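Asks: First to last, the protein sequences are chains A and B.
Position one of the first sequence corresponds to residue 1 (our numbering), numbered consecutively onward.
Position one of the second sequence corresponds to residue 1 (our numbering), numbered consecutively onward.
Hints may be right or wrong, so weigh each one.
Label pairs and their calculated CB-CB ranges [to be verified]:
#1 172(A) <-> 162(B): 31 to 39 Å
#2 157(A) <-> 19(B): 42 to 50 Å
#3 94(A) <-> 191(B): 55 to 63 Å
#4 153(A) <-> 153(B): 36 to 44 Å
#5 11(B) <-> 88(A): 56 to 64 Å
#6 29(A) <-> 149(B): 28 to 36 Å
#7 223(B) <-> 88(A): 30 to 38 Å
#8 172(A) <-> 149(B): 39 to 47 Å
Partner residues aside, some chain B positions facing chain A, computed with beta carbon under 8 Å [stated by the list, open to error]:
#9 23
#10 28
#11 64
#12 180
#13 300
#14 378
#15 381
These are computed hints drawn from the structure, not numbers from a lab.
Keep in mind it's a predicted model, so treat the numbers as computed, not measured.
Beta carbons are placed, not taken as given, at the ideal position from N, Cα and C, and that holds for glycine.
One letter stands for each residue in the lines below.
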Amino acid sequence: MSTPTEQRPEGTPSTGARTAGVLDALAGDGRAALVGYLPVGFPTVEQSIEAALTLVDSGVDVIELGVPYSDPVMDGATIQDAVQTALQAGVRVRDVFGVVEAVAATGTPTLVMTYVNPVLRYGVEAFARDLAAAGGAGLITPDLIPDEGAEWIAASDAHGLDRVFLVAPSSTDARLASTAAASRGFVYAASTMGVTGERAQVGAGAAALVDRTRRAGATRVCVGLGVSTAAQAREVAGYADGVIVGSAFVRPLLGDAPWSERLAALREIATALAEGVHGARRTATSSAEPAADTTAGPTTAQEVRA
Amino acid sequence: MTEPVSTSLQNLEGPYFGDFGGRYVPEALIAALDELDREWRRATADPGFAAELAELHRSYSGRPSIITEVRRFAEHAGGQRVLLKREDLNHTGSHKINNVLGQALLTRRIGKKRVIAETGAGQHGVATATAAALFDLECVVYMGEEDTRRQALNVARMRLLGAEVIPVKTGSRTLKDAINEALRDWVTNVETTNYVFGTAAGPHPFPTMVRDLQRIIGVEARQQVLDLTGRLPDAVTACVGGGSNAIGIFDAFLDDAGVRLVGFEAGGDGVDTGRHAATITGGAPGVLHGARSYLLQDEDGQTLESHSISAGLDYPGVGPEHSYLASIGRAEYLPVTDTEAMEAFRLLSRTEGIIPAIESAHALAGTLRLGQEAAAAGRTDEIYLVNLSGRGDKDVATAARWFDLVDADADLGAEGADA
């Protein structure tokens, strides 16, 4: 019974698997988690379910489903291409909940990665309600910092959803602390200053950022941006609670090859990355190595994505 | 006499303007936005900074800009008096230079050596390239591929000034996507790079900082109108895309409750056709490019493409302070169609010998309407101040096509290539 002054919506907590539970269970074995991103509706809604289930089959521990958005400023060329295709094919925001339901039914924690405007338009409380009802674990919000997130923080509390905020190498210690305190599930550490995309190397400062974020109070820190090979995944799994992979999973799904071949290519890379992550033994507390100074000249966004 | 309002609306600090504004950006940019905010506050408190900017205005860009009373044009505005604030006479041809000179000075204070900018028609890109040349800064301008084709001469201007122009091939390949790409560059290179944002939109502190740098338009004009006419104008008008020239001329009048402030948005083919850029008239609140404000969006929150004959107004967002002024009723925002704007464009050219930017022609067309409405209501002694934000050299090819001024097969260069 809510009192007349009760402002918080009465929510039904999500029945889906919790991210923290999976990360903690793996950590108990001295292992890190592989978190895999795919956009909803790419190339079609049905096929995006098949692709996500392929990731689950291949050993991916946490699924991150992207809401296609017209202006994805944190994404590089690969994910931009896929999202554009999904939008042109007519994907709707409400399609996300069906995909979440299908993936969460496997018992795999299923997060949704979304820019903030589609959620504002849907209604923050309504989005949280429908995500929880579908068995979703929570949201990753690349363009919403906790400072602007009061409405989402209240709705995620009401519905028992994870809220994954990002930290970056440029974050001050004070911001790491406030972001860690506002997050639930894990904190997403951007390995480098930049956008999503495959890179030859994971940012040299990633280990240091994970260390700083832990010292600022975060219980679990996963690393994303630029992880695309088994060797990189293994390296990151040595110091982080989870390894987040996006573009490397989207790339094999692009192109004109028969869908079954694209899925097979996805399975191959997902299996290799899962082996890389799960084969790594984590050091108890990573002592961050001083970052090799990469004072390369400025890079245009398009060069980065090349 | 005007009555003072109880609380000043001038120089609002941000990051919020009522329900609008904020910083909806990746965490990676927060440190840079905090730095800009801090350094901007320090700069505005520093008389040395103000003196340096004032000297640039005096000896480089040509301030103060004059006001011109346009009597023949005003005959079409119900016989009211119409005064133009001549930002078209600034170096580089528009109000954009006011903003970039300030931001270039700030870039130097912060110690960064590289600037990036977005541009639609090319006016802000040209202004930024100009300031970068003057201040010896590396300059990269992102411009939608569509726009580089439509405005090839401005691409050449920027390159002549030493800037690198990167055509953006993503999304709708226009201004919106150029901003996305500039933001991606900034996230990647923020340690060495300052983003010189072109309008009073985006995440805090840009709406405040750009407003502060453009408010000189209204400060000068308010005094100029008083000196010329002995009183304040009945209305101050400007075109609104992102809204920097409008907030620049409005700010000094915000506390003059008797002065009507009217922003004219790009109505394109008409707001009811869906092909327009009238964000406040036809949009809804949401988040785009770092701030909560009105924007053109579908029912899923996807940004809609805007449409306008004026590339400088062809943007689906608007600065948050305008959304706020609309929400409290202090300013009005009304649409002007392509056709109305082009008629006013030709009228000012023929009656006064001044070819305005098509952007500014939206303000002229709206002012004609205000004057006619006032006359119909029996008022014939009104004074309107119009921000003539830019000159129309860049728009000659568009006008030649619109009015059939040249043979159909005439070579108008790249600017004429687009139908």
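Asks: Now look at each hint and say whether the structure bears it out.
Replies: Verification of the hints:
For the pair residue 172(A) and residue 162(B), the supplied restraint of 31 to 39 Å holds, since their beta-carbon distance comes to about 35 Å. Here the CB-CB span from residue 157(A) to residue 19(B) is close to 22 Å, at odds with the stated 42 to 50 Å. Between residue 94(A) and residue 191(B) the beta carbon distance is about 40 Å. The supplied range of 55 to 63 Å is therefore violated. Roughly 50 Å separates the CB atoms of residue 153(A) and residue 153(B), a value that falls outside the hinted 36 to 44 Å.
Judged by the Cβ atoms, the range 56 to 64 Å given for residue 11(B) and residue 88(A) is violated: they are separated by roughly 45 Å. Between residue 29(A) and residue 149(B) the beta carbons are some 57 Å apart, a value that contradicts the proposed interval 28 to 36 Å. A hinted range of 30 to 38 Å for the beta carbons of residue 223(B) and residue 88(A) is inconsistent with their spacing of about 53 Å. The supplied range of 39 to 47 Å is met by residue 172(A) and residue 149(B), whose beta-carbon atoms lie about 43 Å from each other.
Residue-level restraint check for residue 23(B) holds (minimum Cβ-Cβ distance to chain A is 7 Å; threshold 8 Å). For the restraint placing residue 28(B) at the interface with chain A, the shortest Cβ-Cβ distance is roughly 4 Å, inside the 8 Å limit, so the hint holds. Hint status for residue 64(B) relative to chain A: violated, with the closest Cβ pair at about 37 Å, above 8 Å. Given hint, residue 180(B) at the interface with chain A, holds; its Cβ is 5 Å from that chain's nearest Cβ, closer than 8 Å.
For residue 300(B), the interface hint holds, since its Cβ comes within 8 Å of a Cβ in chain A; the closest pair sits about 4 Å apart. Below 8 Å, beta-carbon pairs count as interface contacts, and residue 378(B) has none with chain A, the closest being about 45 Å; its hint is therefore violated. Because the smallest distance between the Cβ of residue 381(B) and any Cβ of chain A comes to about 47 Å, over 8 Å, the interface hint for this residue is violated.
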